[in-house]
Amino acid sequence: MWVFLVTEILFFGGLFTIYTVYRSLYPHAFGHASSTLDLTLGTTNTAVLIGSSLTMALAVHTAQVSRNGRLIALFLCATMLLGGVFLGIKAVEYAQKFHEHHVPGPYFHWEGGDPQHVELYFSLYFVMTGLHALHMVIGEGVLAVLAIMALRGRFGPSYFTPVELTGLYWHFVDIIWIFLFPLLYLVERHS
Amino acid sequence: MTTHPGTAAHDMPHGDEAVGHVVPLPIYFAVFVTLLVFTGVTATVAFVDLGRFNIFVALTIAVIKASLVLLYFMHLRYSSRLTLLFVGIAFFWLGTMIALTMSDVVSRGWFGAAGLG
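Sequence lines, in order, name chains A and B. Reminder that position 178 of the first sequence reads as 178 in our numbering, one-by-one numbering, no gaps. To convert, take the position in the second sequence, counting from 1, and add 1000; that gives our numbering.
Next comes chain B alone, as it looks inside the complex:
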C-alpha cells in the first residue's frame, strides 16, 4: 500500500528505484475506454423498457464500472489482502445498512400490525 512520509526516506536506499506496483499504461487506457463505453451503454439502455430490470441493468453496469476503478485506478488488484478485507467490510456494512432498512420498509403492513403500513 503506502509508506509513511516519515519512513519514506529509509525505504529508498537505492535512490530512484520505483516503489509499489507500477500498472502498465495500456491497462489505464483500456480501463478508461471501457468506462466510457459502459457510460454510453447505461445511458442508452435506460430508454429501453425492461420493466423492473432497468434498475438492475443500471446498477450492474455501475458496479462493474466502480470495480474497474477500484481494481486498476486505485490499485486494489495489486494491494495487500488486509486492504482488500478492509474495503470489503465497508461494502458489507453498506449492504447491511440498506438491506436491514429495506427489510423494515418493505415488510410494513404485511401482518396488519397497528400503527404501521
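Just chain A, same shape as in the assembly:
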C-alpha cells in the first residue's frame, strides 16, 4: 500500500509543482482569486475530514483488538458519512463558483485585473480539488464494501489488513487536503 501511496504523492506532486511555479509568477492574481473562496466552508470541510480520519483510525483500532463487526462497521459508516458531508460542502462551493462564472472556460468572467492569471488559479483549483474529490469518491466505495464485510464478521485481530490499508489510503487523502487548504484558501487573506 505504501508503494501505491508513494506513486500517489508524486501524482499529486506534479500538480503541486505547477501550482508553485504559477503562484511564484503571479502571486497577487492568486491572492485575489483565493479570497473569493468561502473560508468558512473550507475550514469546516478541513475539520470534517480530520474527523473522518479519526473515525477511520478508530475502525482500524477496533478491528485490531476485537471481533466486534458491528462496531467496526459503525466506525466505517461514520467515516463514510463525514466523507459524504465533505463532498456535499464541496458541491455547494463548486455551485457557487459556477454561479459566479469563476469556472475556467468560455463563460469565465472576472471584473478585477489579470483575468488570465486568475483563470489559471481557478484551473488549478478545480483540477486539484477535483482530483482530491475523485479519490474520496473511490474511498467511499471501498468503505461501503468494507462495512458489509465487517458486518459479516470478516475482520478481527487475526485479519484486518483490508481495513488497515483502506485506513492508510483515507489518511493519505486527508493529508493532501491538509496541504490544499492553506495553498488554495489562505493566499494573501490579510490584504
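I should point out that these hints are in silico values taken from the structure, not numbers from a laboratory. Glycine is no exception: its CB is placed at the ideal position from the N, C-alpha and C atoms.
Partial pick of chain B residues on the chain A-facing surface, computed with a CB cut under 8 Å:
1. L1025
2. L1035
3. T1039
4. L1059
5. K1065
6. W1093
7. I1098
8. V1105
Starting from the known structure of chain A, fit chain B onto it as the hints suggest.
Then chain B, alone, in the frame of chain A:
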C-alpha cells in the same frame, strides 16, 4: 507493517491475539484535537500581515499536521525502518522535483540569456 491476506491465517496460531502495534485510544483523540487546533490557528493567522512569512507559517503548520497524521493515524512511528525509508524517499523526490523546477523558473533572466526572462 501488514500481512499478506494469503498468509494471514498462518500468522495467527493463537486465535484472537492482536497483531501489529495497537495505538492507545487517548493518543488518537489527542492527535485529533491537535489537528483541529492547528486548523483554527492557520485559518486565523492567515489574516495577520506577516509579509512573506505568511506562506511559511501556513506551510509549517501543514507539515506539522501531515506529520501527525503520518506518525500516529498511519502508524509510521511504529512501522519498520524500510517503510520510513520508503516514505522519506517519496518526499525527497517531491522536494527534488519542486526545487529543480523552481531553480529554473526563479533564475530565468539573471544573465540576460536570449529567449528567456
